[in-house]
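Trainee: Chain by chain, the residues run as shown.
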Amino acid sequence: MKKMRPWKMILSVTMILSLLSACGSQGNGNANAPSTPKEDTTNSATDSATNSATAPDPLGKYPETVTVTEILGYNPPEDPRTPSGITPEQNAYLKDLKEMMNIEVKYKWTVPSAQFEQKFSLAMASGDLPDVIEVDQKNYEKLKKQDMLADLTDAYAQYASPALKAYMDSDGGFAMKTFSAEGKQLGIPAFEDPFLSTQLLWIRQDWLNNLGLQAPKTIDELEKVAQAFTHSDPDQNGKNDTYGIAIQKNLFFWGFDVRGFFNGFGAYPSVGDKQSAWIKGSDDKLLPGLIQPEVKTALGKLQAWYKDGIIDKEFALKDENKAVEDLTAGKVGISYGEWWYPNWPLNSSVDKDPKADWIAIQLPGIDGPAKSLVPKIRSNKIFVVNKKMKNPEAAIKMLNFYIEVGNKKYKDKNKAADGYVYNWFNPRIANPVDIDTIYSEVNKALDANQTEITIDDANYKTVADTFKATKDFLAGDTSNATKGVNWGQYYSRAAKDGGWGLTRQIKENQQFVYNEFYGLPTPTVVEKGGQLDKLMQESFTKIIMGGSLDDFDKFVDSWKALGGNEIIDEVNEWYSTEATK
Amino acid sequence: MKSLKKEFPLHIMLIPGVIVTLIYAYGPMAGLVMAFQQFEPLSGFFKSDFVGLDNFRYVFNLPDFKQVLWNTLVIAIIKMVLSLLVPLILALLLNEITKKWFAGFIQSAIFLPFFLSWTVLGGVIIELFSLNGPINGLISSMGLEPIMFMLDNGWFRGIIIGSDVWKGMGYNMIIMLAAITGINATLYEAAEVDGAGKWKQMLNITLPGIAPIIILLSVLGLGGILNAGFEQILIMYNPTVYAGADIIDTFVYRLGMFSQQFGPAAAVGLFKSIISLFMVSTTYYAAYKFNNYRIF
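Line order of the protein sequences matches chains A and B.
The opening position of the first sequence corresponds to residue 799 in the numbering used here, with each subsequent residue numbered one higher.
The opening position of the second sequence corresponds to residue 28 in the numbering used here, with each subsequent residue numbered one higher.
If we strip away everything but chain A, and leave its shape as in the complex, we get:
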C-alpha cells in the first residue's frame, strides 16, 4: 500500500463509486417504471370520482388529463394522401381525443404489425402491459386465466354511447356474451360480418381479353387460363415475364394465399388462423378440414401447377409483401382473396398500369363455381382493459370517440391529408355491418342520382367517402385521388359485381360452408398448435414442390399423433355442449 500514491487511490475509488452509483440509479429507474402509471391512475381516480358524481357522459371531458397507455402494431397508412413520415404518436385523432375528452394516449411501444406478435409475447412474459390492449382470442384467454382483465360491466353500461350499444346489439349480443365470464364483461369485441372472409378469385380481365379467353368457372378452365398467363405473354410486351397465380409461403393466411384454391376442391383446411377449420361430418361430429382427402387432391393439382411454372418456383421464400410486389408490378394476373383487394394492393396495380382491369369472380370448382369457407363469427380483435387501470371507462369513452367522429359534422376535418390515420387509432370499433351499410347507401344514392349523401349518423364518413370516390371514378375525375384509389374504393365496396357486391350474391345464394368451430382455442391447440402448424407448412410445401403426394397420408398420421386426436376430442366436446347449432 505504501507505494500507492494518494491521488491514484482517490482516482480509483471515485471511479468505482461513480460506477456503483450508475448501477444503483439504473436499478432505481427500473423500480420506478412500473409505478409511473400508478401515479397517473391515482390522479384519474379522483377524476372518475368527480365524474361519477354527475351523470356519466359518454362523450364528456375529464376535468384533469387522464393518461391511457397503449401499445400498437401498425400497418402503413392505407390512404396514399397521408403526409409521409408521420408516426403513430402524431396521429391527428389523438390530438382531437385530447381536446374532446382530455384523454392522453401514451404508447409504451409501437412496432410494424409484422413484429407485434413477438413483441407482445415479450411484454406478456415481462408482465409489462399497458392500460388498454387489443388482443386476439388466444391472448384474451391467457389474460383471462391469469385474472388480468378489468370488469367492464359497469363502465359499459354507464358510458357506452347509443351508437356503440347499437353496434354491440347488432348480432343479438352474441359476440359480447362470448367475451364475458361469470357475469363480468371482460372484453369488448370488434366483431365484423363473417362474410368479409369470403374467398373470391381476382383475375385480370384485360389479360383474358388479350388472349381471347373467358373468365374461368371450373378448375380445368382456370388451369388453361393460368397456363396462358404463364406461357402466352398476356401483357403483350414480347417478354416471357409473367406467371399465373400469386402465392406465398404462408399457405393459409389473410391474403395472397391458397385458401380459396382449396375451397374449389371442396377442401376446407383453414380460415388462416394457424389451425384447422372444422366442418360438419355425417354423424353430427366436427371433422378437421385440414386432414380430409379433398386436401390431398388439391395439393396434387398445386404440385402440377408448380411444375408447370404457374406458381412461383420460389414461393416458399416469399412472404405476402413479395406477392404484393408481383401483383402491382404486373407480373401475375390471378390471386385468391377477400373483398378488399381493390382497396389494396390492386389500386396500385391500376395506378401503375391504367390498362389493368381486375375483376372478381366466384371460386372456380371441380364442376362449376364452388363454395367458400366462411367463419361463424369474425372477431379476432378484442379490446380489454388492464385490471390495474383505475378508470376503465376511459376505454369505453375512446370507443365512443372513434364512432362519434364518423358523423357528418366532422367531415371536412378528418382528412388523411391532415394526418388522420384511422387504422392507427385504438380502441376502434367499426359498425359490424359497416360494409353492407356502405354498399346499400351508396347504391341507393346512385340510383336516385343524388349528389350528396343524406344519412346523418355515425356511418356518414365511411359512406360519404366511398360515394365521393365512386362518383369521381365513374366521372373519370382524378382531382381528389388517383384513378386507382377511386376505383379501389368503388370496386371493393360499392360496385355490384365488385368485392362486396359479389360477396353479397354468394351469401344470398348460399354458396358457402361454415367453419363450425368458433370457440376459443382449446388447451391442446394452445400447447401444440405451433408444432402442428410447422408440420403442416413443411409437409405441404414439400409436396407442392415435387415431393410424393402420399406424404400427405403420413402428414395426417403425424398430425393426429402429435395432438390432433386430442384436439378432435376437445372440439367435439365443445360442439356437443357449448355450440349454438
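Hints are not guaranteed to be accurate.
Stated by the list, open to error - The calculated lysine-lysine pairs, modelled on DSSO-like cross-linking and capped at a C-alpha distance of 27 Å, are: (1) Lys-1185/A x Lys-74/B; (2) Lys-93/B x Lys-1326/A; (3) Lys-93/B x Lys-1332/A; (4) Lys-74/B x Lys-1188/A; (5) Lys-1358/A x Lys-74/B; (6) Lys-982/A x Lys-74/B; (7) Lys-74/B x Lys-917/A; (8) Lys-1340/A x Lys-93/B.
Claimed, not checked - Rough simulated footprint, nothing fancy, chain B against chain A, three-plus residues with beta-carbon under 8 Å: (9) 1108–1117; (10) 1333–1341.
None of these hints come from the bench; they were simulated from the model.
Glycine included, each C-beta is placed from N, C-alpha and C at the ideal position.
Place chain B on chain A using the hints.
Mentor: For chain B alone, kept in the frame of chain A given last:
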C-alpha cells in the same frame, strides 16, 4: 499476503466488472427456475406451479427434438472447425506477403463482412442465390440447369456454413496474425541459417508459436458447440429446409415466442448451457492434461 497487499488497488479496480457480471450474467440465472415450472408470465416465478422435470420430458419427447439436436451439432461443429482452419490458412498466407500495403488491403477486405449484420447480409445472400440471382445467372450461362439453393436441404446447409465462415473469418485471422507477429524474429533467422525453407519455417516455428492461441480459440469455440447461429438461420431458413437447418435456437424461439411455452423454452436453454459448460470444462482440462497448457 504481501503481494495481496501490493495488488490491493488492482483488485478494487476489478469490482465494477465483477458487479456488472453479477447483475447481468448471474442475476438472470434466477430465471432458470422457469425450466421447472408451468410458467405463467403474469403470475411470475412465485405463483407459477412447479412441475419438476416435466418440461424436459416434454421437449425431449417432441418428435422434432432429435432432428434439431443433430442439425445443431452438425452445423456448429463444421462451422467451428472451418472457422479455425480457414483463418489459420489465411493468416499464414498473409504473413508471407511482403508488400505491406497489399497485405493491409487484403486484411481489411477480409475483415469487412464481420461488421455487417445478418439482417442485411441474409437478404443479400437470399437474392444472390435466388433463381434469378447472379449465381444462377452464371450457372445457366455455362449451359447448366439453375439450382434452387435456398430451397434444397443439402445446398442450404452449405450456404449457411459457408457464409458464416466467410463473414467471421476476418476476426480470428486478425487474432492469429497478431500471434504470428509476436513470434521472436531471431528464430526465423536461426532457421534460415540452418537451411530451413519457408515451408519448414512455417511448420516448425510459426505453427508451434501460435498453438496456444489456436487452443484458446478452440476451447472458447467449444463452449458454443450448441450455438449454430440463431440470427443467421432465422433470417435465411424456410419450411422446406426445416429438416436440415432447424436448430435448437430457432426451435426454442418458435416454442417461446409463438407458442408462448416459456417453461419448455427455458428447459431447452438450460440443457444447452449444461452441455456447453461440460464441453468447455473437458476441453480445458484436456488441453491442460495433454499439452500442459492453461488459459487461466
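Trainee: If you draw a straight line from the CA of Lys-982/A to the CA of Lys-74/B, is it 27 Å or shorter?
Mentor: Given pair Lys-982/A, Lys-74/B holds - Cα atoms ~24 Å apart, limit 27 Å.
Trainee: Between the alpha carbons of Lys-1185/A and Lys-74/B, is the straight-line distance 27 Å or under?
Mentor: holds (18 Å)
Trainee: What's the verdict on Lys-1340/A and Lys-93/B, does the C-alpha distance respect the 27 Å limit or exceed it?
Mentor: Distance of about 20 Å is within 27 Å: holds.
Trainee: Does the structure keep Lys-74/B and Lys-1188/A at a Cα separation of 27 Å or less?
Mentor: The hint holds at about 24 Å.
Trainee: Between the stretch 1333–1341 of chain A and chain B, are there enough contacts, at least three residues with CB-CB distance under 8 Å, for the coverage claim to hold?
Mentor: holds (count 4)
Trainee: Within a Cα-Cα threshold of 27 Å, do Lys-1358/A and Lys-74/B meet the stated pairing?
Mentor: violated (34 Å)
Trainee: Lys-93/B and Lys-1332/A were given as a pair; does the straight-line alpha-carbon distance stay at or below 27 Å?
Mentor: Distance ~16 Å between Lys-93/B and Lys-1332/A Cα, so the pair holds.
Trainee: So if I understand the rule, the pair passes when the alpha-carbon distance is 27 Å or less; does Lys-93/B with Lys-1326/A pass?
Mentor: Within the cut-off at roughly 18 Å; holds.
Trainee: Mind checking, does the stretch 1108–1117 of chain A have 3 or more residues with a CB under 8 Å from chain B?
Mentor: holds (count 4)
Trainee: Does Lys-917/A lie within 27 Å of Lys-74/B when you go C-alpha to C-alpha?
Mentor: holds (24 Å)
Checked against the numbered hints above, the structure violates only hint 5.
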